[in-house]
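Fit chain B to the supplied structure of chain A, relying on the hints for placement.
Protein chains in written order, with our numbering: chain A, 1 to 98; chain B, 99 to 364.
One or more of the hints may lead you astray.
Said to hold, decoys possible - Calculated Cβ distances over 12 Å to all of chain A for the following chain B residues:
no.	residue
1	Leu150
2	Val181
3	Leu243
4	Leu333
5	Leu341
6	Asp343
As the list claims (entries may be wrong) - Pairs of lysine to aspartate or glutamate residues, derived as EDC-like cross-links and limited to a Cα-Cα distance of at most 20 Å, are as follows:
no.	chain 1	residue 1	chain 2	residue 2
7	A	Lys69	B	Asp343
8	B	Lys238	B	Asp285
9	B	Lys290	B	Asp179
10	B	Lys290	B	Asp354
11	B	Lys290	A	Asp88
12	B	Lys238	B	Asp293
13	B	Lys290	B	Asp275
14	B	Lys238	B	Asp316
15	B	Lys261	A	Glu39
16	B	Lys261	A	Asp37
17	B	Lys265	A	Glu39
18	B	Lys265	A	Asp88
19	B	Lys322	B	Asp293
20	B	Lys261	A	Glu35
21	A	Lys69	A	Asp88
22	B	Lys290	B	Asp316
23	B	Lys261	A	Glu73
24	B	Lys265	A	Glu44
25	B	Lys265	A	Asp37
26	A	Lys69	A	Glu81
27	B	Lys265	A	Glu21
28	B	Lys255	A	Glu21
29	B	Lys290	B	Asp194
30	B	Lys255	A	Glu39
31	B	Lys255	B	Asp275
32	A	Lys69	B	Glu350
33	B	Lys265	A	Glu16
34	B	Lys265	B	Asp275
35	A	Lys69	B	Asp354
Claimed, not checked - Pair by pair, the computed Cβ-Cβ distance ranges are:
no.	chain 1	residue 1	chain 2	residue 2	range
36	B	Ser327	A	Met30	50 to 56 Å
37	B	Thr284	A	Thr84	28 to 34 Å
38	A	Thr84	B	Met259	29 to 35 Å
If you are wondering where the hints come from, they were derived from the structure by calculation, not from laboratory data. From the three backbone atoms N, C-alpha and C, an ideal C-beta is built for every residue, glycine too.
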Amino acid sequence: MTPDRILAEVRAMLIEIIGSEYALSLEINMRTSFEADLELESIEFVRLASMLNEHFGDRVDFVDFLADKGFNEIINLTVGEVVTYIADCLTPAGALDG
Amino acid sequence: MDEVLANGVRFHVKRITPHRRGNARPAQPVVFIHGLGMDNMSSFYYTLANPLAHAGADVILYDLRGHGLSERPRSGYRVQDSVDDLTSLLDALAIDGPVHLVGNSYGGTVAIGLAAADAERVASMVLIEAHFTVAGWAEKMEATLCRIGADLAAENKQQWMEKYGRKHSRMAELANDLINGTTFLTDLLTVKPIDPDRLQRLTLPVRAIYGECSDVVDYGHQFKEFVPSCELTLLPGFDHSILIDAPVQLREIVLDWFATQASVTT
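One chain only, chain A, in its complex shape (with noise of 0.2 Å):
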């Protein structure tokens, strides 16, 4: 699955959890702030991840993700720090080289 796919995926998730009336108003792409830009409430990125789980199974470890993160580097993870992560779970290693 490629990084775009994935973003899109990402996208329509968190349009869903904050509401597409507030999430017309914002871009989320790869720089995107979940607290910066998206005010995204905390148990909200934990449903996030709830849902990443859900929709990802196994093959994305978040617990592996997070575990060695403290809760700064948690608040300012980027949208596209996540979708690398996801990437890279499912792409075998080199695979996304060029």
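Chain B alone, transformed into the frame defined by chain A:
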């Protein structure tokens, strides 16, 4: 969304079953219980839950009734209701053996309440800035929350949005409804002080952690007097918000604690 119906309420529950089973894992599930008001399971999700799951523990997080993404009924906010909710939730998850409890602030009150009511159901407790229901506790809590409720009621949703932005206005909206739109405050005042004899009978392992400058640190000292098995740690320079302000220190203490529990139980 992960929903579980328990005690007549729809709870938002997140169970993190580890991909790998590390060596430092306790045999029993670890249940996290958050604090009151604007808190929810995310404060643990962002700090302790994932590292513990990564170490191999079976981790369960839930939003208390009226909080986070759980249902917000108009009543049922007594401490006893919170304890009953937890018991029913464990039943609904088909967990009938003992669990480890990690409670922050009021979450510690709930953990202590379950241990005092049914010690067989609790393998150990980690109490972070835990309150417990000594005489005067409810009145102190009610006064604090009443002030917050009055501040929230003085402004409307549009004013919150302009003043705080989306994230904090949503948190204010939820807290306002909880404090001013339910029996939350009056239910708090119905609590009776916990029976000291029940506490003194507790022999389970307990690790209590408080900020040295916390306004509730006396609860830690009092609890240790009742429960000698309690190991009390004070974090120098920190106040009540240690879960958010001292996550690195807490993570180290809690991971070490559960590695010890694992060696005891395996």
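Hint check:
1. Look at Leu150/B: its CB is around 9 Å from the nearest CB on chain A, not clear of 12 Å, so calling it non-interface is violated.
2. With 12 Å as the threshold on Cβ separation, the claim that Val181/B sits away from chain A holds: the shortest Cβ distance comes to roughly 23 Å.
3. At the 12 Å boundary, the C-beta of Leu243/B stays outside the reach of chain A, the nearest C-beta of that chain being 20 Å off.
4. Distance check on Leu333/B: its Cβ is at least 15 Å (rounded) from any Cβ of chain A, clearing the 12 Å threshold; non-interface status holds.
5. Look at Leu341/B: its CB is around 9 Å from the nearest CB on chain A, not clear of 12 Å, so calling it non-interface is violated.
6. For Asp343/B, the shortest C-beta to C-beta distance to chain A comes to about 9 Å, within the 12 Å cut-off, and the non-interface label is violated.
7. With a C-alpha separation of about 15 Å, the suggested pair Lys69/A and Asp343/B falls inside the 20 Å cut-off, and the hint holds.
8. Proximity of Lys238/B to Asp285/B is assessed by CA-CA distance (about 14 Å); at most 20 Å being required, the pair is judged to hold.
9. Taking the CA atoms of Lys290/B and Asp179/B, the gap is near 13 Å; set against the 20 Å cutoff, the hint holds.
10. Distance check on the hinted pair: Lys290/B and Asp354/B sit about 35 Å apart at the alpha-carbon level, beyond 20 Å; violated.
11. With a CA separation close to 54 Å, the supplied pair Lys290/B and Asp88/A exceeds the 20 Å bound.
12. A distance of roughly 19 Å separates the Cα atoms of Lys238/B and Asp293/B; the hinted pair therefore holds under the 20 Å criterion.
13. Distance restraint check for Lys290/B and Asp275/B: the Cα-Cα separation of roughly 25 Å exceeds the 20 Å cut-off, and the hinted pair is therefore not satisfied.
14. With a C-alpha separation of about 14 Å, the suggested pairing of Lys238/B with Asp316/B holds against the 20 Å cut-off.
15. For a cut-off of 20 Å, the pair hint linking Lys261/B to Glu39/A stands: about 14 Å separates their Cα positions.
16. Proximity of Lys261/B to Asp37/A is assessed by CA-CA distance (about 16 Å); at most 20 Å being required, the pair is judged to hold.
17. Between Lys265/B and Glu39/A the CA atoms are separated by roughly 5 Å; this keeps the pair inside 20 Å, and the hint holds.
18. With a C-alpha separation of about 30 Å, the suggested pairing of Lys265/B with Asp88/A is violated against the 20 Å cut-off.
19. Between Lys322/B and Asp293/B the alpha-carbon distance is near 15 Å, which keeps this suggested pair within the 20 Å criterion.
20. As the CA atoms of Lys261/B and Glu35/A are separated by approximately 17 Å, the hinted pair is consistent with the 20 Å bound.
21. The suggested pairing of Lys69/A with Asp88/A holds, with an alpha-carbon distance near 18 Å, which does not exceed 20 Å.
22. Taking the CA atoms of Lys290/B and Asp316/B, the gap is about 19 Å. The hint holds against a cut of 20 Å.
23. Taking the CA atoms of Lys261/B and Glu73/A, the gap is near 25 Å; set against the 20 Å cutoff, the hint is violated.
24. Between Lys265/B and Glu44/A, the direct Cα distance comes to roughly 10 Å. Compliance with the 20 Å bound is thereby established for this hinted pair.
25. Taken as a hint, the Lys265/B and Asp37/A pair is honoured in the structure, with Cα atoms around 11 Å apart against an allowance of 20 Å.
26. Among the hinted pairs, Lys69/A with Glu81/A is consistent with the structure: their alpha-carbon atoms are about 12 Å apart, no more than 20 Å.
27. Taking the CA atoms of Lys265/B and Glu21/A, the gap is near 15 Å; set against the 20 Å cutoff, the hint holds.
28. With a C-alpha separation of about 16 Å, the suggested pairing of Lys255/B with Glu21/A holds against the 20 Å cut-off.
29. Proximity of Lys290/B to Asp194/B is assessed by CA-CA distance (about 27 Å); at most 20 Å being required, the pair is judged violated.
30. For the hint pairing Lys255/B with Glu39/A, the CA-to-CA distance comes to about 16 Å; that is within 20 Å, so the pair holds.
31. Using a Cα cut-off of 20 Å, the hinted pair Lys255/B and Asp275/B holds, with the two alpha carbons roughly 11 Å apart.
32. Between Lys69/A and Glu350/B, the direct Cα distance comes to roughly 13 Å. Compliance with the 20 Å bound is thereby established for this hinted pair.
33. Restraint check for Lys265/B and Glu16/A: satisfied, since their Cα atoms lie roughly 16 Å apart, inside the 20 Å limit.
34. Taken as a hint, the Lys265/B and Asp275/B pair is honoured in the structure, with Cα atoms around 16 Å apart against an allowance of 20 Å.
35. Distance hint between Lys69/A and Asp354/B is fulfilled; the C-alpha atoms sit about 18 Å from each other, no more than 20 Å.
36. One distance hint, 50 to 56 Å for the beta-carbon pair Ser327/B and Met30/A, holds here, with the actual separation near 51 Å.
37. Range check, Thr284/B to Thr84/A: about 50 Å between beta-carbon atoms, so the 28 to 34 Å window is missed.
38. Between Thr84/A and Met259/B the beta carbon distance is about 32 Å. The supplied range of 29 to 35 Å therefore holds.
The structure is inconsistent with the numbered hints 1, 5, 6, 10, 11, 13, 18, 23, 29 and 37, although it conforms to all the rest.
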